[in-house]
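Enquirer: As a plain string of letters, each chain reads:
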Amino acid sequence: MGDFQPQLTKRFGMKDSHKLKTYLESGGYESLKKLFAMTPEQVTEEVKASGLKGRGGAGFSAGMKWGFVPKGGAKPVYLVVNADEGEPGTFTDRFMMLHDPHLLVEGIICASYAIGCHTAYIYVRGEFLEQIKRLEAAIAEAKEAGYLGKAIQGSNFDLEIWVHRGAGAYICGEETGLIESLEGKKGQPRIKPPFPAIVGAFGCPTIVNNVKTLASVPWILANGAKAYAALGTPESQGTHVFGISGHVNQTGMWELPFGMPMMDFIRDYGKGVKGGALKAVIPGGSSCPVLTAKECEDLTLTYESMKSHGTMFGTGCVTVMNEHTDMAKVLKNLTHFYRDESCGQCTPCREGSAWEDRLLKKVLSGEGSEKELELMLETCDNMEGKTICVFSSALAFPVRSFIKKFRPDFEKYFVKGAVSVPGAVS
Amino acid sequence: MAKITLNGQPMEVPDGANVLEAALSNGVPLEHFCYQRYLPVAGNCRTCMVEMDTPRGPVLAIGCNTKVADGMVIRTDAPNAKKAQKTALEMLLLDHPLDCPVCDKAGECKLQDQYMQYGLYDFRRGVPRDFKGGKAEDIGEHIVLDTERCVLCTRCIRFVDEVPKTSELAIVNRGHDSKITIFPGMRLDNPYSGNTTDICPVGALTLKEFRFQQRVWFLKKTESVCPGCARGCDITVEHNKGRIWRFMPRENPELNKTWMCDEGRFSFIDQQENRQEAIRLGHGTDDLKGALKKLADILGGLQKDEVAGIASPYAALEDNFLLKKLFEKRFDVKNLAAPTWAKKGEADQVLRLAEKYPNEQGVKLLGIGEGDASFWEKLEKGVFKAVIVMHQDPFGQDPVRAKEYFSKVKALVVLTVHQTQTSREAAMVFPVRAFYEKDGTFVNATSRLQRFRLALEPEDPNVVEASLWISRLAKALGVEGMDFPDTPSVFNAMAKEVGPLSGLTFNSLSSMGKVLDLKPIAPEPFVGVKAQPNVLGKALGVTNG
Numbered sequence: 000m001g002d003f004q005p006q007l008t009k010r011f012g013m014k015d016s017h018k019l020k021t022y023l024e025s026g027g028y029e030s031l032k033k034l035f036a037m038t039p040e041q042v043t044e045e046v047k048a049s050g051l052k053g054r055g056g057a058g059f060s061a062g063m064k065w066g067f068v069p070k071g072g073a074k075p076v077y078l079v080v081n082a083d084e085g086e087p088g089t090f091t092d093r094f095m096m097l098h099d100p101h102l103l104v105e106g107i108i109c110a111s112y113a114i115g116c117h118t119a120y121i122y123v124r125g126e127f128l129e130q131i132k133r134l135e136a137a138i139a140e141a142k143e144a145g146y147l148g149k150a151i152q153g154s155n156f157d158l159e160i161w162v163h164r165g166a167g168a169y170i171c172g173e174e175t176g177l178i179e180s181l182e183g184k185k186g187q188p189r190i191k192p193p194f195p196a197i198v199g200a201f202g203c204p205t206i207v208n209n210v211k212t213l214a215s216v217p218w219i220l221a222n223g224a225k226a227y228a229a230l231g232t233p234e235s236q237g238t239h240v241f242g243i244s245g246h247v248n249q250t251g252m253w254e255l256p257f258g259m260p261m262m263d264f265i266r267d268y269g270k271g272v273k274g275g276a277l278k279a280v281i282p283g284g285s286s287c288p289v290l291t292a293k294e295c296e297d298l299t300l301t302y303e304s305m306k307s308h309g310t311m312f313g314t315g316c317v318t319v320m321n322e323h324t325d326m327a328k329v330l331k332n333l334t335h336f337y338r339d340e341s342c343g344q345c346t347p348c349r350e351g352s353a354w355e356d357r358l359l360k361k362v363l364s365g366e367g368s369e370k371e372l373e374l375m376l377e378t379c380d381n382m383e384g385k386t387i388c389v390f391s392s393a394l395a396f397p398v399r400s401f402i403k404k405f406r407p408d409f410e411k412y413f414v415k416g417a418v419s420v421p422g423a424v425s
Numbered sequence: 000m001a002k003i004t005l006n007g008q009p010m011e012v013p014d015g016a017n018v019l020e021a022a023l024s025n026g027v028p029l030e031h032f033c034y035q036r037y038l039p040v041a042g043n044c045r046t047c048m049v050e051m052d053t054p055r056g057p058v059l060a061i062g063c064n065t066k067v068a069d070g071m072v073i074r075t076d077a078p079n080a081k082k083a084q085k086t087a088l089e090m091l092l093l094d095h096p097l098d099c100p101v102c103d104k105a106g107e108c109k110l111q112d113q114y115m116q117y118g119l120y121d122f123r124r125g126v127p128r129d130f131k132g133g134k135a136e137d138i139g140e141h142i143v144l145d146t147e148r149c150v151l152c153t154r155c156i157r158f159v160d161e162v163p164k165t166s167e168l169a170i171v172n173r174g175h176d177s178k179i180t181i182f183p184g185m186r187l188d189n190p191y192s193g194n195t196t197d198i199c200p201v202g203a204l205t206l207k208e209f210r211f212q213q214r215v216w217f218l219k220k221t222e223s224v225c226p227g228c229a230r231g232c233d234i235t236v237e238h239n240k241g242r243i244w245r246f247m248p249r250e251n252p253e254l255n256k257t258w259m260c261d262e263g264r265f266s267f268i269d270q271q272e273n274r275q276e277a278i279r280l281g282h283g284t285d286d287l288k289g290a291l292k293k294l295a296d297i298l299g300g301l302q303k304d305e306v307a308g309i310a311s312p313y314a315a316l317e318d319n320f321l322l323k324k325l326f327e328k329r330f331d332v333k334n335l336a337a338p339t340w341a342k343k344g345e346a347d348q349v350l351r352l353a354e355k356y357p358n359e360q361g362v363k364l365l366g367i368g369e370g371d372a373s374f375w376e377k378l379e380k381g382v383f384k385a386v387i388v389m390h391q392d393p394f395g396q397d398p399v400r401a402k403e404y405f406s407k408v409k410a411l412v413v414l415t416v417h418q419t420q421t422s423r424e425a426a427m428v429f430p431v432r433a434f435y436e437k438d439g440t441f442v443n444a445t446s447r448l449q450r451f452r453l454a455l456e457p458e459d460p461n462v463v464e465a466s467l468w469i470s471r472l473a474k475a476l477g478v479e480g481m482d483f484p485d486t487p488s489v490f491n492a493m494a495k496e497v498g499p500l501s502g503l504t505f506n507s508l509s510s511m512g513k514v515l516d517l518k519p520i521a522p523e524p525f526v527g528v529k530a531q532p533n534v535l536g537k538a539l540g541v542t543n544g
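Protein sequence lines correspond, in order, to chains A and B.
Under numbering that gives the first Met the number 0, the first sequence has 246 at position 247, and the numbering climbs by one with no breaks.
Under numbering that gives the first Met the number 0, the second sequence has 377 at position 378, and the numbering climbs by one with no breaks.
Incorrect hints may have been included.
[To be verified] Pairs of lysine-lysine residues, derived as BS3-like cross-links and limited to a Cα-Cα distance of at most 27 angstroms, are as follows: (1) A:K185 x B:K134; (2) B:K85 x A:K184; (3) B:K377 x A:K184; (4) A:K74 x B:K66; (5) B:K328 x A:K191; (6) A:K185 x B:K164; (7) A:K360 x A:K370; (8) A:K370 x B:K131; (9) B:K328 x A:K360; (10) A:K360 x B:K2; (11) B:K82 x A:K191; (12) A:K403 x B:K328; (13) A:K360 x B:K343; (14) B:K81 x A:K370; (15) B:K134 x B:K82; (16) A:K185 x B:K178; (17) B:K66 x A:K70; (18) B:K333 x A:K370; (19) A:K331 x B:K131; (20) A:K361 x B:K164; (21) B:K66 x A:K191.
Simulated from the structure, these hints should not be mistaken for lab results.
Next up, chain B with everything else stripped away, as it sits in the complex:
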């Protein structure tokens, strides 16, 4: 730890931290554009100017490239520093088009926000504006470039150079004629392209999927976890008027930093489409209570070992836990399996993993296997009269095998978020809530237990979480001790039974999650990616700034 004096206040800051982070993490505001804590320092915006005492007297220095040292005396509020901060901002705004009313970044724009906070409020350009030109240039599958809004901070360039290492972007020309552009013949189509729009401090880079869709100040933000693969990047679900408008990466210094892949980012579209809307039981639809009673009657009429269950790496820990509990208490837990039919997807050494489901480790943690030979034999031979399939799509992922396995099952009961091949084949279908419609937890490939929160409440009261559906079925079947009012209470009960979770409660989990004592099934992310050492170890909230 280095003992420094910041604006007259003595404080201790971890060695290796820079002055800008020292200020921000201690609640001292300091303007900045080009600095992004997970990218190399560029030091070009010249806005994080601080005054620092040296043997030669006080000097101005940029906070981002000045490492703290014992005895350092820094003032962010010295008149000199203030003036440098204000006038650098003035120059950034000099030839900016000020088209905020039609700019998607308005409301989360660093130029806008910081001008309001630190600006000069004395407009004095004195000469006509000199636009850099360039409007709405299509530079990638998802990305649009508005050159005239650009402040040339080079964050996007440093990102494509350092993280996906695809280097599509560069600055051409010199001085005031400088502009960001894409290399001839290239497109900004790398698997992480969306991140450039998050870190763009202004509206120069925007997402086609978000342009002109929503004003950001109307968006409500909910902490969540991307269910797209076993990495489980931390995200924010941003929604308004009952719809999700975007997924944004949420800072986790230990996991995804401030990044996420495009596959995960744009999954918000598919997540909301093709939903299973109504309960389907035989020939008609029903309300949940009536439907569960009918199902309980059917299951109640079967022998204990005539019922099987398919648990799922797509489902939350709580859902899998209660399904297992139901089988333990009412049926035979040997007849519960969590196979994965899904084909491996694309993977890389940055974030993406081939396992395109979020909770494989969670299923392992609960001790649910993939089903032994006798399980599949019994399934194929029709020994199981009823099978409950939760969050799985065997008919979609492996239709030939699925037909062999399930053709003799009389009652195929499917709990599903979306309409799938399997839900079309099933005798009974229950819509359940998507991950953004409930609270829950996943355990990712590097054994990090993470919590996601309810963002949107479905309109239909018959659509409940899979875990609560199981809880109610248990009640209808007369099973005791499985009555839970909500997900947190399921989690808390689970934590008492499952060793690695002991001592945890749902509400005390940190937003960065907790690494469990469990063997990881994938390497750590960002192999070979240069990044600054994260000495503060906590989120700073600088995704966009």
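Looking at chain A on its own, in the form it has when it is part of the complex:
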């Protein structure tokens, strides 16, 4: 991949990497000098020019999103960090916050300055107890040192950051569900329009950004949009923290520029598939359509390659499955998850997610037939895009791709009494 400086993970492995002292010694908060020399519009333009995309999964241009905040409005503007990392198969944000919380704080300062926000919230997944402690400690340190609070570093910019603990709902990773939860309500996505950039938290303009999106900003400001865009590919700029789990010899996460071929990533970083040949890959969290081994052959870790292969980049955390995996059981695991996590607001999702799960259960119990599979596929069509948020699509994508690409794994259950393949996920 050629040489590159890690931006997001450079302090991983340093002693006391989460402390301000280490952070400052390794170039932390350097971007603020440049930041306060620029106008907020210039910051937004710079980030836009860098090509930085939202790392939460949708991959929308971060700079463009910031640009949606109305200029000169009377209401306060809020920045909310989506640190509710809950996508099954995804595990990188939690390490970012654990090992380098100050990088997130610095990113928040940059983004807040760009959008004119003076109160930012970090909505962090409730289970991340250690991360919450470190974030709170980092905020306290930063405030003490004058990186937060009134007139940051001699500028006329004020900012406070609050850590808000989630209560364990997948749907609170959806930005409007997150906002509802932040306001103390039940986490249910809001009907759009209006969009959060116009009416968000507490009725005010709000930008919701993922942890890695914000953590990328200081480097962009320090080194320039051009340098950032030079990394990766023309359509997937910069670096990303890629993760790998499942049937590989080495699980973990590595920061790489976009563009590495999937098979190289599995071979070089995952140290190869464990327990047999490659069967399937979920490229970026459970909501992404699954890929067959063949489809992975010419796949690269970029937004555009994932799209052209009919799937999504998602969170960039790859789940690998070997040839002994029973895809029907894997899907049952997922439908069970989605059945539990649907917020229950919209009819097609509330009823459809449970229906898919019940139909698959029937198939797995040996009582199903072609009819159940067809009904499952049709229900995907009847859910996808028919609801307030994209949760129903996030269920429809795996169900459809699993059944279409691995149909024999389901068909073998049609005969009563079939046993599962050894080594299967249960």
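Given the coordinates of chain A, work out where chain B should sit on it, guided by the hints.
Expert: Same frame as chain A, but now just chain B:
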């Protein structure tokens, strides 16, 4: 106005209207559950799906949350939209108990009606039904909750949050385990609780007073006005086999929207009880003709100023008008008063007013005062030998004063619907028709003239409207020009004499009524209640849907 194309038809729709209302108001059917035009949009049922042209090509959108805009091209009947409508309905029915034969909502159930109209007709659940559980839970003085029938549209939640602002209800759990429930320690006992059962699209919320009483398809419905207070909410009197089974709010975008208070709603019970059934004259009962003759003989033997009359804010405009006319023509109109003895009742900023009578403004419109000092003095001293009391109960409402006023009156003549303290004290009692047994008009606190219609005909031909009773008494007394065959003709005669009514006729009055040029005596309803702007300005008939 926005120019849109709906199912290929160009049409103009008021700006700010949503696509669902644009369709419904133009006679284009479109399925919907969670949308209620007087509640905030929730957009959760996903049944009002339409296909809309955009620069990115046709997309599906929900009609309720899509505002019309110039040049919009919408298809409710596109195959895509149709399929989304049908399958959302299929999912709503998936785990529904289908206990329609014992469900009170059957016949006016949106799930039932819409399945018949838009359904898939191809049952394919393929797995055992998964009931949500919860049967006949007592959650309030009037309300029963059957969770298993619920379609989670959140109309009831939005109602208690937005209108009475009491917020007793919520959804607990997630996904398929979601269910409506009441907060621990709370009861659904707010003064408007009954409305939750009207807007419930299925039989999840039902009224104890209506459960297992009637099948709704047997009910006959008559336009009416609630006589419970000076607000005069529009209602429908629903009756069968000579009985009223319920009052339902009737949509009036300018007045009560689709709501009414529980006090008014359940007044149908008291209205039908304790009725004055027979004419009582001295020692016996009589038929109306004979009784009126006896009364005319008594009144005819008195001096003009020995007869007084008590008109009433409880009585219709026509009744008060003719009583006044009788006094003008035969007695002395100075001796006619319309006092209010009633104590003030409960009021709030939603609908309820403290004045618990429907026609105070009507009495004012006719220029009948509350009686000056000399009137009451003459009454107390026994100057009046006969007093006609119409639709009033002084002995019930203020017994001490009533005794002082009426003890010296020889002939206390009472026209009454119900047996009251006053009717027990009276020498002569004439039963008259209740508001649901006649046509008539009231003028409410915000000066809206409204019409109510005859719903039930009393069996006894001796029981007539107060106005026609006065008309017949006038005839027996030999007064000319007061012979009216029915209420509409009384109204039409009145409209010619009373300025603010000029140009109106009974039959041309709109079902929403007409605001008269008359100073209101109460503020407009729904202070501080969030509601969508009513851009269409006309009733859509979506009380239940």
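Enquirer: Would you mind marking each hint as holding or not holding in the structure?
Expert: Consistency of the hints with the structure:
no.	hint	in the structure
1	A:K185 x B:K134	holds (25 angstroms)
2	B:K85 x A:K184	violated (32 angstroms)
3	B:K377 x A:K184	violated (67 angstroms)
4	A:K74 x B:K66	holds (25 angstroms)
5	B:K328 x A:K191	violated (68 angstroms)
6	A:K185 x B:K164	holds (19 angstroms)
7	A:K360 x A:K370	holds (14 angstroms)
8	A:K370 x B:K131	holds (26 angstroms)
9	B:K328 x A:K360	violated (87 angstroms)
10	A:K360 x B:K2	violated (50 angstroms)
11	B:K82 x A:K191	holds (22 angstroms)
12	A:K403 x B:K328	violated (92 angstroms)
13	A:K360 x B:K343	violated (64 angstroms)
14	B:K81 x A:K370	holds (23 angstroms)
15	B:K134 x B:K82	violated (32 angstroms)
16	A:K185 x B:K178	holds (13 angstroms)
17	B:K66 x A:K70	holds (25 angstroms)
18	B:K333 x A:K370	violated (86 angstroms)
19	A:K331 x B:K131	holds (22 angstroms)
20	A:K361 x B:K164	violated (45 angstroms)
21	B:K66 x A:K191	holds (12 angstroms)
Comparing the model with each numbered hint stated earlier shows that hints 2, 3, 5, 9, 10, 12, 13, 15, 18 and 20 do not hold.
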